Structures are given as C-alpha cells and as structure tokens.
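2 protein chains.
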Amino acid sequence: MKLTILGCHSATPRVNTHPTAQVLEINNHIFLIDCGEGTQVRLRENKIKFNRIKHIFISHLHGDHVYGLIGLISTFRLLTRKTELHIYGPKGIKEMLTIQLKLADSWTNFPLLFHELTEKTSTLIFEDQSVEVHTIPLQHRIYTNGFLFKEKEGERKLDINAVRKAKIDMAYYQKLKQGFDVENTEGKRIKNSSVTKPPNTAKSYAYCSDTSYFEAIIPIIKEATVLYHEATFLEQHENLALPTGHSTAKQAARIALKANVGNLVLGHYSTRYHSLSSFKEEAEMIFNNVLLAQEGKTFSF
Amino acid sequence: MKLTILGCHSATPRVNTHPTAQVLEINNHIFLIDCGEGTQVRLRENKIKFNRIKHIFISHLHGDHVYGLIGLISTFRLLTRKTELHIYGPKGIKEMLTIQLKLADSWTNFPLLFHELTEKTSTLIFEDQSVEVHTIPLQHRIYTNGFLFKEKEGERKLDINAVRKAKIDMAYYQKLKQGFDVENTEGKRIKNSSVTKPPNTAKSYAYCSDTSYFEAIIPIIKEATVLYHEATFLEQHENLALPTGHSTAKQAARIALKANVGNLVLGHYSTRYHSLSSFKEEAEMIFNNVLLAQEGKTFSF
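Heads up: the sequence lines are chains A and B, in that order. Heads up, the first sequence is in this note's numbering, so the first residue is 1 and it goes up one at a time. Heads up, the second sequence is in this note's numbering, so the first residue is 1001 and it goes up one at a time.
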C-alpha cells in the first residue's frame, strides 16, 4: 500500500504549498482522493499516469478539495482518454461539473460516471475482488465524508514443501489456497492448516479530512493500518478548531489512540504555521507512530 | 501601460507552462484578463496585490481561460476581501460560479458583480475618466470576445514658460489643459496652442485569444499600440488552425500588418512545440515588431 501526498495544506494554494490531493495505490488500484486546484500539475510532477486513475473520491465541495477536478477532467478529454472515470462525492458534484462542461461545449469522450453521496452513516461505495471502500461520515461545515480503503483478505499461501510431502495433486492447489481441506493421491484427508500459511494481513487506509474532533468515526476506522487525520491547527488555536469544523494535532492523535490504528499521518495544515515539526511533537504526546504529510512525499505501508 | 504574462500556453497546465492569464496595468487600473487554472498562484509569484484587481475580463468559457477563477474568488473570500469585484464574460459565467459557491456554502463577503456578454458586435463594456474597454468579437468554437483597452486622451500640457510670459492667471490653467483659449491679465485673448503642448498619446491594448484568422476584427483593433494575438500553431500545422478555431503565427502577423498596430505580442502556444523562436521568425516574415509572450514576462509600452 503506497500513499503519495500531492497537497496537504488547507485553504488557498500558494507557490510552495498545495491544497488537498492524495494518491493511494492499493492492490493495483490507483485511487485519487480529493482534488484541489493544481492537482493535475502535481500528478505530472509525481509522474502518476493519468490513465491509471479510474476512481476519484471527493470528501466535500469546499474549493481546496475539489476545484482541480474540472481541469483534470478537461485534460483527460484533451488527451483523448477512452477509459471510464468514476467520481464519488457529495450530491451536487455532478451538476457542478456538468454545467462547466456544457458551457465549454466540451463533453467528455470517455464515460464519466457519478456516484453521488447523501448517506449519513458509513456506506460501502466501491467493491471488487481485492478492495472495498466505505464512507466515513465526518463533522464539518458542509456534508463531508472521509473514506476507508480496505484490502480484502487474500488467499492462504501454500507451504510447498509440506504440500509435496503430503502428496497432494496440483489440481487441488486452488482449493487449498481457498482454505479447504483436500484428499491426497492416496485418498487420505489432509487438514488445510497443515500445508498452508495464513494470507498476508489485509491493510487498510482511513482518510479523514476535514473534520472537527468526532468520536463517532472511531468504530469505523478501528485498527486501520494507517489513519490520515486532518490537523489544521495546533492546540494553541483550539478555539478556532470547533467553529471552523477542524481539528488540532492533539485531537487527531486522540482519535488515533482510541481507534488503535497502526500509524497516524497528519495533514491539512493551516498556512499560518511556518514549521510542521510542532504538529508532530504535539501529536506524539498522545500517540506514538506519527508521520507528517508533505507535498511530494510517498509513504509505503 | 504594463502587461504581465501569467500564462501563455494553450490547453492543459503543466509544470512549467501555464494556461492563459494576463495582467494589464493601464492608467492606474489593474485588469486581469482570462484566468486559467493556477492563476492565483501566478499572481502571488508575480507579486500582484489581490486587492488592486477590481475587474476581471474572461474571453470565453473554455477551461484554459477560466478554471482558475472560482479558486481566485474563493481565496479573495478567505482573505476577507471587502472591495467589489466585477466579472465580465460570456453569458453562463454567473451560473457556473454561483453553483460552486452555493455548493460550498461559501458566499462572498464582498460585492461580486457579473456583466454577462451576449453581443456579437463590438460593445463598450467599461468606461471611466481614464479608460474604455470594448469587446472584440472573435471567431472560435464557442462564443468568444477579445477586449480592447483604450486610454482616454489626457489633458493638454502647459508650456509653463510660455504661460508665464503670456501673463495668464493660475485660475485659467485648468481651462488651458482642457484646450480652451483664455484671456490674460491684460485682457488679451491667448490662443491655447501657443501656450500648451498636446497630451501624451493615448495608448491601447487589443487582446485577441482565441480566434481563427478573422479579418472582421481589423477595424476594431486598427492602430492599437499593442496587439496580443493568439498563435497556437506554426504554419506547418495550418490545417489544424481553422477546425480548432485557432491561428498560426503568420496569420497573427497578417492581422497585425493589416490593422497597422504598433507591436504584436504572440501567445497561446500549443505545447507540442519545444521552442518559441520559430513563432517569432515566422511572424517577422510579415510584420516587424513581434514580441513573444512568456510566463512571468512584463512588457512596458
């Protein structure tokens, strides 16, 4: 699982800080999460192939999370994309984008499929053989979802020496991977666990931006491998956090602790702070495994 | 008159090339002309004060000319702008922007005034004591206007030695500047031209992007101090120009020659070309005073 930060600052794009956008690589999928202004240029900078992006998840319709989307779609069109593109985001996103395509008289030449969200409880919005995506309803000034990306548990792994020793025919290998007991060439029943090993642990990534401190998300993100939680402010500005629907680094860490996640990645920093190290220090007072999102940085988990 | 090029490439923003946006300083006005994605970052890079921009002119609703506008307006809002902002652009621009502000639940806290254009002949759209702005209807794939920015002729200049010698009371200086003859302290009628000099020549800037070769603009832009004319292609790709509603460098030069303008600035280059010098060479075969728009470049006229 690989996470690339394209932008991790709040509010307005500046020369060296960019609004929110991330790319998650998980089980051969490339998911784009949020799409602030300039995201298409960040994708180029980070050499992420446009055609591999088939699913874009938009948390909410504030500009710093979505104003780069129409430009990205237009660029896909100009590059004569054929691949279909799925957009998941709050109700209204379809109207917002289609009015702009209509006024430019520039309909896409690839299928553009909208999945508009209105649910206020966690909902399964994407699923295939290897991955599930669930919403994480957040508490912000407008309707906002985080997203939980979960690998599905893979197949069991053959202990090939044990398999051969137990004289099992190759025709049964797939059954073994699926966890079944099988008969060997001598008609003897072989217990699955004696010839296979457990699958790799299924990883998960919980993306939570933007939100005030909101304990209702804890059961949804429980035990996630990685939690990205916004930390717009430091504790010294906690008074600003609640009215603006944002969190402090300490609050993010408190959520990480209570949800017992593996790692916490902080981001969505207010541009009022000139150094990011205070965010890490503050969060580490509560939770151990704290990482700082930074533009252009890639994390592997 | 000062022209700063924020972006001068066509189609899609890239790491080092930006879609169309320009800033024209003329008689103390700062006019923003077109606003492709990322324009707000370019304004910061070029240290142009956001608050001095009170009028934005949008030629047409293709993304590379307008997708930076919603982000710029949002940033103005976040910076608690109070100054009113006038947007001039094709009908539809108001709906396109307001739907996005509505979905973000982020109405501006400053007056946002739309001047939607539908006329197909050149129209006066802005006027004050020192400047006029007229549309230049262009020929493109969708409804598109260029803009002609014209200084108004200023006051005549006093030849202060001649004025004193002619014994004219200071009370009459303003009348002299306005071109009237006056009486001197001895009751003698003094001819205006004997004590004043002509005003500075009124300058003008004609902005024409995007358009195919279109001679109908010539009477409108005649004798302009500076013509910016798009040159998306070189002559070798002339076959692409007409169907896409664009021009070649040579066609731009032909318009400059026929309109007898002072200077021709080329821009809106297709990103297929790796060097810009061919644009200049091609245009100079037809017209003498050719300049190349380049990101971050400022021209003074």
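The set of hints was computed from the structure by calculation and includes no laboratory data. Note that the coordinates shown come from a computational prediction; the quantities given were computed from them, not determined experimentally. It is possible that part of the hints are untrue.
Claimed, not checked - With a Cα cut of at most 20 Å, we get these calculated EDC-like pairs of lysine to aspartate or glutamate:
1) Lys91/A - Glu1153/B
2) Lys91/A - Glu1025/B
3) Lys1120/B - Asp105/A
4) Lys49/A - Glu84/A
5) Lys1094/B - Glu95/A
6) Lys1094/B - Glu84/A
7) Lys1091/B - Glu95/A
8) Lys1102/B - Glu95/A
9) Lys94/A - Glu1095/B
10) Lys94/A - Asp1105/B
Said to hold, decoys possible - Quick list of the computed label-pair ranges, beta carbon to beta carbon:
11) Met1/A - Ser1270/B: 53 to 61 Å
12) Phe299/A - Thr1121/B: 57 to 65 Å
13) Ser270/A - Met1001/B: 24 to 32 Å
14) Lys1002/B - Met1/A: 45 to 53 Å
15) Ser1270/B - Asn27/A: 53 to 61 Å
Said to hold, decoys possible - Which bits of chain B does chain A cover? Going by a derived footprint, with three or more residues having C-beta under 8 Å, they are:
16) 1175-1182
17) 1281-1293
Beta carbons: idealized from backbone N, C-alpha and C, even for Gly.
Agreement of Lys94/A and Asp1105/B with the hint, judged by alpha carbon distance not exceeding 20 Å: Holds - the C-alpha atoms of Asp1105/B and Lys94/A are around 16 Å apart, at most 20 Å.
Keeping to a limit of 20 Å between CA atoms, is the pair of Lys1091/B and Glu95/A held or broken? holds (18 Å)
Holds or violated: are the alpha carbons of Lys91/A and Glu1025/B at most 20 Å from each other? With a Cα-Cα distance of about 42 Å, the restraint between Lys91/A and Glu1025/B is violated, given a limit of 20 Å.
Assuming the hint says 57 to 65 Å, is it satisfied by the Cβ distance from Phe299/A to Thr1121/B or not? holds (58 Å)
For a C-alpha distance cap of 20 Å, please report whether Lys91/A and Glu1153/B respect it. Violated, at roughly 53 Å.
Three-residue Cβ test at 8 Å for the coverage of the region 1281-1293 of chain B by chain A: Violated - the region 1281-1293 of chain B has 0 residues with a Cβ nearer than 8 Å to chain A, which falls short of three.
Evaluate the given range 53 to 61 Å for the C-beta pair formed by Ser1270/B and Asn27/A. violated (39 Å)
For the region 1175-1182 of chain B, count the residues whose Cβ lies under 8 Å from any Cβ of chain A; is that count three or more? With 0 residues in contact (Cβ-Cβ under 8 Å with chain A), the coverage given for the region 1175-1182 of chain B is violated.
Given the proposed pairing of Lys1120/B with Asp105/A, does the C-alpha separation stay at or below 20 Å? holds (18 Å)
C-beta pair Ser270/A, Met1001/B: status relative to the range 24 to 32 Å that was hinted: Violated - the Cβ-Cβ distance for Ser270/A and Met1001/B, about 39 Å, lies outside 24 to 32 Å.
Given the proposed pairing of Lys94/A with Glu1095/B, does the C-alpha separation stay at or below 20 Å? Distance ~15 Å between Lys94/A and Glu1095/B Cα, so the pair holds.
Cβ separation of Lys1002/B and Met1/A, checked against the hinted range 45 to 53 Å: Between Lys1002/B and Met1/A, where Cβ atoms are some 51 Å apart, the hint holds.
Comparing the model with each numbered hint stated earlier shows that hints 1, 2, 6, 11, 13, 15, 16, 17 do not hold.
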